[in-house]
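> Fit chain Z to the known structure of chain Y by using the hints.
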Amino acid sequence: MRQLSYFLIGLLLALVLTACGATASPPTFTGGELTISAPDSVDAGIPISLTVKASQAPDGAVVTLIAYGSAGPRIYRGTFNKNEAFFTLPESDTKQSGLVTLVAKAGQVQIEKRLTLKPGAPIEPLQPLVGAKAVVADTQHWSMVVIIPFDRFGNPVAEGTPIKMKAKRPDDRLEEQVFKVTNLLSWWRIYSGVKAGHTIISGTTNGVFGPESILHEVPGLPVPFSINVDPLNLTADGTQLATISTSTLRDQFDNKVEDGTLVTFTVDLPDGEQRVLPAYTIDGIAGIPLQAPRQPGQIKIKGTVLSIESSVLTFTLQPGPAVGVFPVSATKADSGKAVIIEAGPLLGAQQQFVPDGTPVIFTVSDKSGQKQTFNAISDQGRAKVEVRIAGMQQGNYLVEVKVGSGQGFTSFSL
Amino acid sequence: MRSFLSRQNSSLLLALALAFVYHGGLLLTGTFKRTYDAYIHIFFADHYARTWFDHWEYRWYTGFTMTSYPPGSQQSIALLSPVVGLLNGFIIVQLFAVLMVILGVYRFSRIWVTEEAAGFAALLAVFSSSITETVHLFGQLPTMFSLGFLLNSLPFVRYWLDTGKRRYLLMGWIVLAGCTAGHHVTTLFGAVFFVGPVLLAGIVDKFRQPLPDEPSAHPSEVSTRKIFPLVIRRLRRIIPVTFRAGIFGIGLVVVLLGVVLPYWLWSKDDPIVQISIPHASRDSYIQNMNAGLVFWLIPYGLSLLTLPYIFYKGLGTRAWALTLSLMMAVLLGTGGTTPIPKALLGGAYYILTLDRFTFWATILLLPLLGEFVVSMTQRGLATYLRNQFGSLTWKVILLILVVFYLAISGITANFTQFRKFQPEAIDMQPIVTFLEKDQHSRWRFLPLGFGDQMAWLSAQTNATTVDGNYHSARRLPELTTTSIERLEGAKFRGIPGLTSLQQFLAVPEKYNLKFVLSNDQYYDPLLYFSGWHRLQRLENGIMVWEREDIPPLPEILPRKEIPIYQRIMWGIIPMAAIFSAIFTLSLRLWGHHLLWLFQFIGLVKFTKKIRIPGIGLFSRFWRAFDRKLLRWSTVKETGSDNETRWQFWRDWLIVVKNLKPAPPSKQVTRSLAVLIIIIAGVGGVIFSALRPASPLQVVEAYYDALDFRRFSEAYSYLDPAVRPSYEQYLLELSVTNGLVASYGKLDSVRTSLLSSEPERVVAQAKTVWITALAQYPTIQKHVLVKRSGKWYITPNQVDLTIPPDQFFDKAQVNWYSQGRRRVTTQTTSFSDVLDRPALQIMSARFVQGRTGYAVVGELMNTDVNPADVTLTAVLFDKDNKEVTEYNAQEGIVHKLLPKEITPFRVDFAGVSGQTLGIPNPEDPPKIIPSASIDLKNQVAAFEVYAKAVVTGRDLQRDTGFQDMKIEYGDDGLARLTGQLINYGTQEATIPHIFLTYYDNDGRVAWVDDQYVESAVRPQRTQPFSIVLSRPIETSVVLDKGNTYSNILSSKFNLSPQQSDRIELPKDFGYSSVRVNVHYYVAGATG
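Chains as they are written, first to last, in the working numbering: chain Y, 49 to 462; chain Z, 5 to 1090.
Same shape as in the complex, but just chain Z:
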């Protein structure tokens, strides 16, 4: 062993040891738990650990096939998991992958650069910011796992090209099979970016290298007669190597197809057809600086500064093919910054994440970066710097480069400490316990705000979810027709994401979705107003939301079968390929022992006797043909043997190389000049950042500070002359609650000046807030004054009203449902089942309104118990075939008191069933506009179903309307204005107002709803203003449909002159409007 080690490159050994300590240490500290992908691979590994040969995974997306992703790295974890567990299994496999990459970088570099440079390349790889980012920020196991095999296979490819020895061909194929087992995309693109240059360089090297039996001289003059023999001479040199490259290529394709054959069959049978998921790597890195930082600046790190050197050095040496490949990868890695990647990749541009090209570029440049280090420490650059800037400057520069290189790697590894990409670590045990108890796993659940930890949760439970974290396997139309990445993080995808989430929350019974586990209060309003209620808060702070009346999952879930041979292949071949690759790579360690063993048992003699049919014939043919080529390539020697140098630019650079050493005074001057330039640059950036802002910039900065909860900064923008104390300001903010203040995320601010005086301006800020329910636009007017050359915002008047009572009481009714029996684990008994509340659908119409097509009407809870209502509308075509169906989501009060009436509006905007095909991925719609779907001619009938169960939750009704009147604004629109008053003891955090418009017959013509921006505290009021819909904006498509509930629709009839309806002006079009409100109370649990 010692002799083996002594034969190795010392830099490589040091690199491996450092990588083991550095990356192993980081992994042990748990960096991978904050990454994007680690838990996904752990979840996959968990599948293999549970059922190795079962291709079907039930737990995500209502089921998907595991053959949709190469299993090598995940099965490796699964193999280790019985001994060390899944998490430690991941650490071991990832560390193995890192070490393989370090070794691979060295071996790969040896193809292109000196051993010394290759050693430096291995050392550089250890602290490469791109590798650090891939491992500790992205958690990309398969990429690293397969890259290690890919890099290590390349020397075999080169040996095969150079020597033609079949064992190298076989070894190259075997190691690439291991690569494919881990990640087929690495093999696929690796063939272009890594194997391609090796093949090209191998062929060109042969092209330039005379054969032993050919004349060494090159004719000084090339006449027409000499062209043919010269061409034949070159052809003769490259035919064998090209043939070998061809054989290798064919084998590579076979390996690529064969190792993960079930994957290719799956992708052929079930191609990925979905709206492209936006990825920041496709953004312009200039416009989206964050993306530029993560996907460009960090991966390149300090190596960005060396790119000119690398290109120069690479193109001028035998690494030119590598450099061309590197340049292509660099170009593709620029994402959407230039149109070139899109033009080159075509449709693949929307499927691929382009950061992988940058990653590959950072690996491709390592050999030349090693050369750079050699040059900086010992050769050309070192000499130049010492001579021109002095030895001290040279050393300082070296020190700075080393420190910065290490620092960037360290910062990258801990980047998530500075900038949170994931929510805080969640203790999964309470959730796992909840899902296991009371047969909760008989329903599906949906985590919200879990980040990538949702995969870790899934790995610990048998319960299933409609969401998932592996986008290629998604087949549910609600997911594939929008650009949502995961439901749990729907808010990050804006309106399309929330639209997708809403469809699951609106029709949860479709996928037996009963529980939502919320780690983000942003979604609370959406859940509440979609009819969900809070069940309990778990010990880890996760709020469990529940939807009533959801059927449990069937005992047998559907699955898509594949032939048994594919399942066996999937379970055996990838791991066999990995073990074979490891065996092959480690042959140097113990291969001679094995050879001795084979010789001892006579296997070597036996294998030598084996003859591949046709090889002998082919050899004889080639020898005869080669003799002919040799004869044809003979050129009569004439004149000089000197070659003409054609790389003329290299002569120019000789001047640079031969610069005379500068005297010490000049060295100091030049060093100072460089220092001054750097200081000036940094100073300029700081100066521009501190430039006084304009009034509009102050307003924008104020909103930005408020949005990100930087309250001290927001306070600094207020006029010091009149602003309250900071404590008072914080206090006033703290009592401001509601949809926008607590559940909104600022989407945009557009500012404009309304009036302007030299020291005082009035500005208008039009803001758009994204909430889980909808976009919420607001318009605010701000007065700004100039003090000491700076603009400040005059604070807005705060609410000065005081409540009438200091202490008051409010009686209320509470309901509680329980079984009339002792505590037992048995299923629900007959006596525990309450009658469904008696509902009556008063009216229903299918109309086209200003927000799209909808079924509107009224529903009444005639029962003596409160009801939790589910209302479904189904549309039929003229052949009585169902067109689509949907539930009333936000457009209804789900929880009804006895004798309460609610309007309902079932919106068909954006329902996935309507999308009729997948839109062009190049032009993904932000939201599916229902107006563009011609439902009017498509729908011939509709039905409405209402059902309910008894509930005792979320029945607060302590808010009413006061001082309502109808006003016409300057814009000619009629508005219903007034105040909401809260006479209860709990804050109405998000009030939701319904307006039900009636025609002259007293039937519902249209239903509007609006959320009030701010909360209403007890005994306080909150103004509202709602633009009234006009009849011209709606048209009745179908006046009547079948309605189904458990009370006949004619049992109770309301008078058109009900006193709770507000009469509208006679010329308005509608006869009257009824208002009602319900509201979400934050902090309450049901």
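Only chain Y is shown next, with the shape it has when bound in the complex:
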């Protein structure tokens, strides 16, 4: 056991002594000049061989080469052999184009050299970027088309590279212009034309192509327009419909406005009431049904898009819903506690019942002229109201019933 212990302690000591032993250090570069032998510019993406030379360097002295490029610093180590150290920058380190500063350092001496990695030729696709993507077709608004060509390593191509841009306008005109790459990109300020539609834009250079991009040239605000109504002989029955519509809304260059453009119709009725009816354009025309009012007379209609207004359309309604004089009766009910007033049949111009739901106004006047108004609605050509007599004075009462152009009368006594 003791022997084993001595052996282990001895082994440990040997290990410690070995570890403490001095290692041989390489020769160091102590003085003299350094130069870097490398081309001034090289195409990106190929290996670069270069040499660092020293005036007096012991063989085996270490030299460090640092390449500061757009992808950050990269470090290479080499040793002098007959005053020269050879380096090869691999392809993977030369893909990013731009300026590379080479710094060689040996001992306390260092030297710099600049190397330009040139971008390659543009590759596909040449993608035109358009913004704004939609402009008003009035020759005043413009958009910008930008193409940023890249080489196979994703580097922006060289300044001055010609890019041909083509734009096919909605009116089939084809515009072509060549723009040189400046500050990494080529751009075209493209003004709108006068015809709304799609302008298709593309770019090419030296057999390199790309997809199309689209610029929407959209119509501007419409010019004043007119209003139509169909049919014109609408009866004031509170039910029938006529269609009011605009003429085709076009901008100053005769482009139809976009679908969905909001048009607000305002309608002035004979009794001073108003209607506001929104609609939107489909194929340049906005149209909505207009329900006949219950008062005959003249109607005025106007349309508005923002601040642009149409001409005023005026037409006259036929009498309705009821016409002429209709019968009215008054009978006591509920053990004499109420009077039922019934009007009807309420007939229209064609001797038909007025539409169900037509408002019927009953006015009951006493001998002093004091009036009470009761509202009812027609049902199957008739309407009735119940007048509770509690609180009413004794005497004669006159009843007047009105339904649009028609009216009826009766009286009762309490």
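A few of these clues could be false.
With a Cα cut of at most 27 angstroms, we get these calculated BS3-like pairs of lysine-lysine [as the list claims (entries may be wrong)]:
no., chain 1, residue 1, chain 2, residue 2
1, Y, Lys-350, Z, Lys-814
2, Y, Lys-304, Y, Lys-350
3, Y, Lys-348, Z, Lys-814
4, Y, Lys-214, Y, Lys-243
Here chain Z is said to cover these stretches of chain Y; the calculated rule only asks that three of the stretch's residues, wherever they fall, bring their Cβ under 8 angstroms from a Cβ of chain Z [what the hints assert, rightly or not]:
no., region
5, 80-92
6, 163-173
7, 179-189
8, 310-316
9, 369-377
Hints in this document: simulated from the structure, not taken from any laboratory.
Only a predicted model underlies this, so the values are computations on that prediction, with no experimental measurement involved.
Backbone N, C-alpha and C define an ideal beta-carbon position, used for all residues, glycine too.
Same frame as chain Y, but now just chain Z:
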């Protein structure tokens, strides 16, 4: 094992077996899925299962710390979840908690009552309605989990007091540490209601128990000279036990603080400051009968009848301390029925839910309830009933009590089957899939109408929500400044709840809230008019709503860090405490084996050598002091040793006990008398319920029936002579749609008589409907007639108008947005991004109107594409510091057609940024009144920003105005009246009308809006009447502010004489008014 079992109380074993079968069975059937709290604990467990040592939970409230709630029960589920899953993990832990409580009830009862009574107490606990309610209705896991430990710790406390053996002290502390790990509040209040009586009884028992070395006799006369030695004698008896109680108390505080130390540090650093959330347990149970049922009647169940006996029995026996504690808990559990709990609890009254006192009361009474059972079956009460009412009556009563006790428990367990507290179970998978796909989880979502299932959804996804289900962790001002409980159930909190929800929906970009998952159409109008649109309906029926133009969440979300030692403590100590407690409690099972092992390895010998420094010195001091006390307490014996009985009332009760047995005839008579009293009572209640109602009661009952969709009952209130057939009535109701009919909840009905005749009255019903948008008041006139002594409502006239066309067509424009590329999972490319629509803000003003401060103006979509608009107004003070900002919510048409103009009104009423501190919790405001906030002097400038994205959704514009005129009513107010006409093919379910008032310069002076009560069907009309605002009601605070949009404000100018404006009378003040309408279409998807 068999010998161990044979040593146990057979009732206890039966109780444990029954509890396993009964509660285990119920849990397996999924009762916990319909409870309030179960999913919350499962969600917490899910957090621990995912990241045990991470204290921060991102998924709720934009993040909160998990150290805000003791983790014991939830970490237990998390430990089990990898093997059995979260749901089964919950079942196992909850069942464990129930069994622990049953065992604890037995052990706790043994302190106070006989073993027989304790056995009955355990059996009673199995079917206790309060335990059933807590487990199967409330899903309160931590309460049960920690209660089990608390009850089981109490015998150790008592042993420690009685014997002074340190191992009992240690065991008591360890088990209480397990209790604290599960729920600190149980330890805290348990110290008062459970530990307190044990300590008090322990001390008093010692006080009354002579020491072996003291003279047994009590002097018959107490002279002045004898007082001192007698006092010393009693003092000598209680000093050791009081000292032990003190040591225990100190250790209890250390345990309470130490086990969940991060919790206490959190509550100190980040105290809960929020408006009190109303809880029905604080209501008066007389006024709010539902609360009384759930929080008082059900928990007590049949034991209510036994309370007099329990108080009598408890106060007259050694359980008096328990009874006092019980009485206090009963009192506090009455909630707001009496002012006493509020007076006793002070500020805590608004934080605590008082039902927990009732729950504790029902546990505290179990030992004495066991005594009651013993008395009813074998002792005093059994004898009394047999003698006075006969054996048969006694048996029948016993049978009835048992049946009722079991029935109440069974009904309670299945209470949610009769009365829905939660929405139907939601299949979460489609939602989880939706949140996972297309990177939807990069935005926050908000569930609506999910109930407590929202926690279950959160447990299954990484997506985050602004809402949550753990109120103490809320810190967002929009939540803490109102009494809302959860956003998903905002409607249940009325106006304050909806106000809170509106703030999130109005400014969703603030919290990156993009998706709302709606399970309740009640919120549809609010969502729609706040600018949200329906994206899709998932397979489970959930409607997904989306808001455009919301930025995604940042890659790194903010979190509040705590020191690493706290995170380690939180992950280790609570579970260690629980395992230690279980180890301690189960020592009886295998402790002797362990002891043998320790002896074998010499640990016992080693521990005996350990001496705690100072103990010996203290013992010597105490022995010397005790000898002195003994000397001082010596009294010369004089005369009689008899004690004087001072509980004089017990002599009276002897009379009751010694009643002679009644003859059989009297027994029958008495039984019949009791039966008659019961029948008379029940009959009286039924008679009063069937009493003919007055006309006003009929009207109120009619509205109530309509509100709860009891249509056959509503129909029964209509006049049989003129009402339509029931089918026709239902048909007419079915075509009535709109804000009030389909999205309103009746809040109140006030009825009054307008005119009255003997057989006919005219009544007026003023109703207020709560909708997601606002309160909606209506006034209806009803004619009632009396037929056969009963009042009936004459049906109102229905709409008789018929549409002009039977079949018609309507052309429309549709838009669709898609990428110009093949289907791919890649993010949006440049070519897919459309230009933002060109907007122009026509004018903007900061004004004080009748509804508060607002920025009003007009905005125009000058683009050729429809726009989905977001408009923000920012207020600045004189130092150019931002006061607050808010979006136009309902006060704008968000989706605009090309060339459409919308007015806007950004309301600053109730915006949380304005609340300037937390109001008094005792007086929570229903809504924050903006008029009370002096913005006029505070705001020096304002800015308005408008932005939009192209949309193709919700652009229906097929409704217009007709026959509009301005009328002055009897009240002198001007009204714009007219009809809405729908010329489209879809029903305009909720029309929303805007009135834009212009001054003489044609600038916007004020903007009003109003929702129309009823829907407008195609080719139909719907009348409206809107009171016009007068200039006197508004004043301009700032005439101009900076406006920012992508079109210069001077590009398009409108003429003040635009033809779409209605001229107002010259003396009105405003020059003109413009009307426009947009509307919500139910059933459409975008």
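> Going through the numbered hints above, which ones does this structure break? Give me the numbers in ascending order.
5, 6, 9
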